[in-house]
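From first to last, the protein sequence lines stand for chains V and H.
Residues 1 to 168 in the UniProt record's numbering are what the first sequence spells out, letter by letter.
Residues 1 to 168 in the UniProt record's numbering are what the second sequence spells out, letter by letter.
Hints should not be assumed to be uniformly reliable.
Remember, identical chains collapse to one label, so a pair may be satisfied in a single copy or spanning two.
[Unchecked claim] With a Cα cut of at most 25 Å, we get these calculated BS3-like pairs of lysine-lysine:
| no. | residue 1 | residue 2 |
| --- | --- | --- |
| 1 | 2 | 37 |
| 2 | 41 | 121 |
| 3 | 71 | 43 |
| 4 | 71 | 41 |
| 5 | 163 | 2 |
| 6 | 71 | 37 |
| 7 | 2 | 80 |
| 8 | 2 | 41 |
| 9 | 80 | 163 |
| 10 | 94 | 80 |
| 11 | 164 | 41 |
| 12 | 37 | 121 |
Please keep in mind that the hints were generated in silico from the structure rather than gathered at the bench.
Protein chains: 2
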Amino acid sequence: MKVLIISANRFEDSELLVPYYRLREEGITVDIASLTKGFIKGKHDYEIEANIAIADVRPEQYSALVLPGGKAPAALRENKQVLDAVRAFFKAGKPVSAICHGPQILISAGVLQGRTATCYKSVAEELKAAGIDYQDVEVVVDGNLVTSRQPSDLPAFMRETMKKIRSR
Amino acid sequence: MKVLIISANRFEDSELLVPYYRLREEGITVDIASLTKGFIKGKHDYEIEANIAIADVRPEQYSALVLPGGKAPAALRENKQVLDAVRAFFKAGKPVSAICHGPQILISAGVLQGRTATCYKSVAEELKAAGIDYQDVEVVVDGNLVTSRQPSDLPAFMRETMKKIRSR
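Isolated chain V, as found in the complex (with noise of 0.2 Å):
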């Protein structure tokens, strides 16, 4: 089984850390993609390598797909790319987690009308403008979709997502 993380530097390190962690523990292959290949750099200055660009991303080969928060998610919602990646994965109905600023991503791909959802709380206007029933708890499962809040929800946020990917 192969996982997609989307991401890009200044990520919020421990949402990308931990969730990397989490699924390689479980034996599942992970592929971080960013705007380009090679190494980006989290808020806390964590660097790890994007394996591959998001141009050449092929969403079909991933079984689900993570979008950490901190301030990549700014450049990310930006790229048609990124957005395209997104829809296919919500398209396929395949198990698509964010946490964070992770959302943004999600309301500019369009892919949140009539969801439940959560966020960080600096972006919880942006996703009632955009007609999403927030939630202000620590994870919101709402079908294939799992969000939370901050670092501090990555137990409940990392519970929720292993069980959807663990029920495919």
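Based on these hints, arrange chain H on the given structure of chain V.
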């Protein structure tokens, strides 16, 4: 179930946060002990609250011990209460998982005689000098003891740590 993490300032952030969130994903209560109660700061500037002072730790209340790395073990290994707590876990045969510089604490506690273990590369010579069978692999499991070398070993480290904890 309760698990204890012992750490201090200048901890290796991912080596504390990944086990902390992983254990809590499993519904396990995690106490973080340090030299004094209060916030401790990692090398990458993450702050986390040590909710108990080492002087107040009662090892009999915990099912397992995790020792993250970074610069924290250099300070912790000088503290008698830390070493006494570590010895109590070994005496009771409870799982002890140490990564990176974490095994330095085990050397000072004198609990590694005749053991096979691994650690961060810069600690390897010290481990060998203490008579331990050092292995340069991502994880070594020897009885109750689980050791790993570095952050990139966290998937294997947590896989084996969770096996040990689940078996109790």
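Hints, verified against the model:
For the identical chains of this complex, residue 2 and residue 37 are intra-copy neighbours only, at 18 Å inside a copy versus 41 Å across copies, given an alpha-carbon limit of 25 Å. When the C-alpha separation of residue 41 and residue 121 is checked against a cutoff of 25 Å, the pair qualifies both within a copy, at 23 Å, and between copies, at 24 Å. For the homomeric pair residue 71 and residue 43, the shortest alpha-carbon distances inside one copy (8 Å) and between copies (21 Å) are both at most 25 Å. When the C-alpha separation of residue 71 and residue 41 is checked against a cutoff of 25 Å, the pair qualifies both within a copy, at 11 Å, and between copies, at 22 Å.
Taking the shortest Cα distances, residue 163 and residue 2 sit within 25 Å of each other both inside one copy (15 Å) and across copies (23 Å). Proximity of residue 71 to residue 37 under the C-alpha cut-off of 25 Å is restricted to the intra-copy arrangement: shortest distance 18 Å within a copy versus 32 Å between copies. Taking the shortest alpha-carbon separations for residue 2 and residue 80, only the intra-copy value of 23 Å comes in at or below 25 Å, while the best inter-copy value is 46 Å. Taking CA atoms no more than 25 Å apart as the test, residue 2 paired with residue 41 passes inside one copy only; the shortest distance there is 23 Å, against 34 Å between copies.
For the identical chains of this complex, residue 80 and residue 163 are neighbours neither inside a copy (30 Å) nor across copies (42 Å), given an alpha-carbon limit of 25 Å. Only within a single protomer do residue 94 and residue 80 lie at most 25 Å apart by alpha-carbon distance; the minimum there is 20 Å, versus 52 Å between protomers. Proximity of residue 164 and residue 41 under a CA criterion of 25 Å is satisfied in neither setting, with 28 Å inside one chain copy and 34 Å between copies. With identical chains, the CA atoms of residue 37 and residue 121 are never at most 25 Å apart, being 31 Å at best within one copy and 29 Å at best between copies.
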